[in-house]
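Trainee: Heads up: the protein sequence lines correspond to chains A and B, in order. Take the position in the first sequence, starting the count at 1, then add 99; the result is the number in the working numbering. Take the position in the second sequence, starting the count at 1, then add 636; the result is the number in the working numbering.
Hints in this document: simulated from the structure, not taken from any laboratory. It is possible that some hints are incorrect.
[What the hints assert, rightly or not] Some chain A residues near chain B, calculated using beta-carbon distances under 7 Å:
no., residue
1, I202
2, P206
3, G208
4, G228
5, L231
6, F235
7, S245
8, N331
9, D334
10, D354
11, S355
12, N360
13, S497
14, A502
15, N519
16, V521
Quick reminder that beta carbons are idealized off the backbone N, C-alpha and C, glycines included.
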Amino acid sequence: MKKWLVMTMIAAMFVVAACGANNNGGNTGTNANTGATEAPSNNAGTAGDGEEITPEEGATLLVWESKEERPFIEAIGKEFTEKYGIEIKFEELGAADQVNKLISDGPAGLGADVVVFPHDNLGKAVSAGLVLPNDFYEEQSRSENSEVAVNAVTYDNMLYGYPRSVETYALFYNKALIPNAPQTFDEIVEFAKTFNDPAANKYALMWEVGNFYFNYPFISTGGYVYGDNGQNKDDIGLNTEGAVAGVEYYGSLKDSILPMNSGDITYDIKKGLFTGGTLAMDINGPWTIADYKAAGIDFGVAPLPSINGQPASSFSGVKAFYVNSFSKYPNAARLFARYASTKEAQLKDFEMTGAIPANKEATADQAVQENEIVKGFVEQFNQSTPMPSIPEMGNVWSPIAAAFSDVWNSGKNAKEALDNAVQQIKDANNGAAAAK
Amino acid sequence: MNRHRGIAAILSVLVMGLGQLYNRQIVKGLLYMAVYAAAWIYLIPQLGTAIWGVVTLGEKTQGFQKVGKVMVRVEGDHSIYLLISGLITLFVFAVFLILYILNIRDAYWTGKRRDQGEQPAGFKQSWAHLTDKKFPYLMLSLPAVGVLFFTIMPIIFMIMLAFTNYASPNHIPPKSLVDWVGFETFTNLLTLKTWSGTFFGVLTWTVIWAIIATVTTYFGGMLVALLVESKSIRFKKMWRTIFILPYAIPQLISLLVMRNLFNGQFGPINQYLSYFGLGKLPWLTDPLWAKVTVILVNMWVGIPVSMVLIMGILTAIPKDLYEAADVDGASGLQKFRIITLPFVLFSTAPILIMQFAGNINNFNVIFLLTNGDPVNGNYQYAGSTDLLVTWLYKLTLNNSQFNMSAAIGIIIFIIIATLSIWSYRRSKSYKEEDMIQ
């Protein structure tokens, strides 16, 4: 009888153990989560007082960055590895896509430790709890970078980002085709009359006319996206009188400057024409500088021409590093985010990719100041509008882009198109509430 | 004398395996008991959490806490993970319940056999019985469990998502929780103007597209197949190779190339048209033309498949049918109409339905060629050529509207399932299964 009992016990334990493994697998979600909280909090507690944060033992970091920034991240990553012995892995991911990917990959533990995105995505990221605040290096980040940049990466009075660069777009002009940059859009219309020759692919000016980012100047003549400096989701200023006038003017440019449909103008085509020397002017961002230089084009950069007698304000963005709040090595990630956003790093980035520094001292640096091209961007930056950073900004892009395309391609009434877009944005912002 | 079956069954109800032990089937009984113990130790305690998770979708949101100089994430409930892990636990529990019932049944039947004066089977005998007579069941049970966890569970998960408010910007866990909202997502989709306008517009185009795309590729493929296979044609192999080429190139490449070819201003196609003095066509930028373009390009991609398929069937048609028709003096058209067409249609009807269902979900052609563009001011997050499936993709990956995409996913599933079942049951190959032996 005794033997029988022992046998039972052994057999039972065996199977229990086997099933146990099974069950754990089913519940990794909860187990792993609770485990993960403990470890970093202990580490972080001890690391609080030093000048530099203590990275976790055996940390390796994954960084998401866009294609254009690859050389910079690889260089700075190498330096960082040499200094701290922390390995940096790089994965190419466009800045605009990072938050969306982080929403699904972050909590699952698959996201990069350090990410980069333009500040208009910040609200969305914060409202999903995806990024850790910039706490340890807060004072340095605040004092060293320009106020616009710091404010842009701050959300609800909390600093989240480690500012890396500021960007906006301006007017690139090919000096061989047009020696002096025009001051007004009307001047461009005049110039186009003599210059445009579709058969030879000669065009006075091109920009991505279907993309709201580049079309904002036409709204800026009296309109805005969200009120209260982009914080009030219920105050949409895309269909004000001034905005309608701007968009009407925009619609008129199809016949006078750029006689083609919005879908036919892509970044690559534009680049090909500009480097091929048949496109006189291009509205583009600093990320193209390297390519245009490499093509050997003699070009200048000037602020955007005025629209209807009003200065054109562009959208500006601040790109910053952020630490994924689900990172296994948050301290090492903080350290890297800081390391890659210091004055020296920003200057290096400027040198390698042409990114305009957000750091005040770096902007004042001779290399930056003497650079004619950067001057043009800085000038434009001073009359730019930061993109709103509230989460509802994500609902703006596609409806308003559709409105612009409708006006451009089919000559739809500007007011009608804008009203329609505003209605759609409202519906999207209020979501289910609108149904009730 | 039928006390054994009762006692064994009751014992098995009380504790799994006890009935087997009573029936003196020690090993089997112990195995059952082990499962029972495992369930009590691991499964049953989690059941409460699982049900709580699925019902409430979490109660505590994630926060941040200042520790020294740095902020640390304080774990909250992740509604979506709670839902998934809850589902897994419930599924494991369901599997356990099945085993439990099997155990009672087994105890009862063995007890009955003992009542009839037979010896209960020993473990070796049971094992032999299982691996010999019940072998298919044994083998099927593994994939069945796999299907349960890797097919049925994700589908149920998706269906459940449609009844939550899991969408950006206000309900993305772990910072904020997701709640059950019942049919609200569906109501919004069907009644809220911005959503319903897009939905019915996209749905209409999806159906039109699926019909035209299927018909054009099918009859295009049939035409090419008939031409290549016709008696008078020479170099059959060369023709076949030429016509299969488009299919051999990965769509990822060919469609992206096409996108440039069709550029209205700078694409070679329009450059040629204007070279011959013809006007440039807005291939991809005008809503109607864009639809025409995707259908044309889809023919280019899809005709080779139908061609190969129909060529195979053509060779299977008995030659004597045509000889007899020749004797009767039938014309080529008559032969096609009375012999070839019914034969081909009959053999391919199920495949035709599959192609139709496939075209409803034809992601590649639309996504790579137009990306749903040209944009449409009346649509929410969709363009003029977007199909339901590409719209769903945009909603999920670009706009994080997970609940809405889940709802659309369910609707696509219902449409495809109904159409397929309905038309398959109506097709001749279903009704007259014995036409081809």
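Trainee: Regarding the hint that A:L231 lies at the interface with chain B, is the smallest CB-CB distance below 7 Å?
Mentor: With Cβ-Cβ at 6 Å, under 7 Å, it holds.
Trainee: Let me know if the C-beta of A:S245 comes in closer than 7 Å to any C-beta of chain B, holds or violated.
Mentor: violated (24 Å)
Trainee: Under the criterion of a CB-CB separation shorter than 7 Å, is A:I202 in contact with chain B as hinted?
Mentor: holds (6 Å)
Trainee: Let me know if the C-beta of A:D334 comes in closer than 7 Å to any C-beta of chain B, holds or violated.
Mentor: Violated, about 17 Å.
Trainee: Checking hints one by one. Is A:V521 an interface residue toward chain B, by the C-beta closer than 7 Å rule?
Mentor: violated (11 Å)
Trainee: With a cut-off of 7 Å, does the beta carbon of A:S497 approach a beta carbon of chain B closely enough for the hint to hold?
Mentor: Since chain B brings a Cβ to about 6 Å from A:S497, closer than 7 Å, the hint holds.
Trainee: Regarding the hint that A:S355 lies at the interface with chain B, is the smallest CB-CB distance below 7 Å?
Mentor: Check failed: Cβ of A:S355 comes no nearer than 16 Å to chain B, outside 7 Å.
Trainee: Can we keep the A:N331 interface hint, with Cβ of chain B closer than 7 Å?
Mentor: violated (15 Å)
Trainee: Given A:N519 as an interface hint, is its Cβ closer than 7 Å to any Cβ of chain B?
Mentor: holds (6 Å)
Trainee: Against chain B, is A:P206 within 7 Å by beta-carbon distance?
Mentor: Check passed: Cβ of A:P206 comes within 6 Å of chain B, closer than 7 Å.
Trainee: Could you check if A:N360 really has its C-beta closer than 7 Å to a C-beta on chain B?
Mentor: Cβ of A:N360 sits 3 Å from chain B, so the hint holds.
Trainee: Given a cut of 7 Å on the nearest C-beta pair, is the interface hint for A:G228 held or broken against chain B?
Mentor: holds (3 Å)
The structure fails hints 3, 7, 8, 9, 10, 11 and 16 (numbered hints given earlier, in ascending order).
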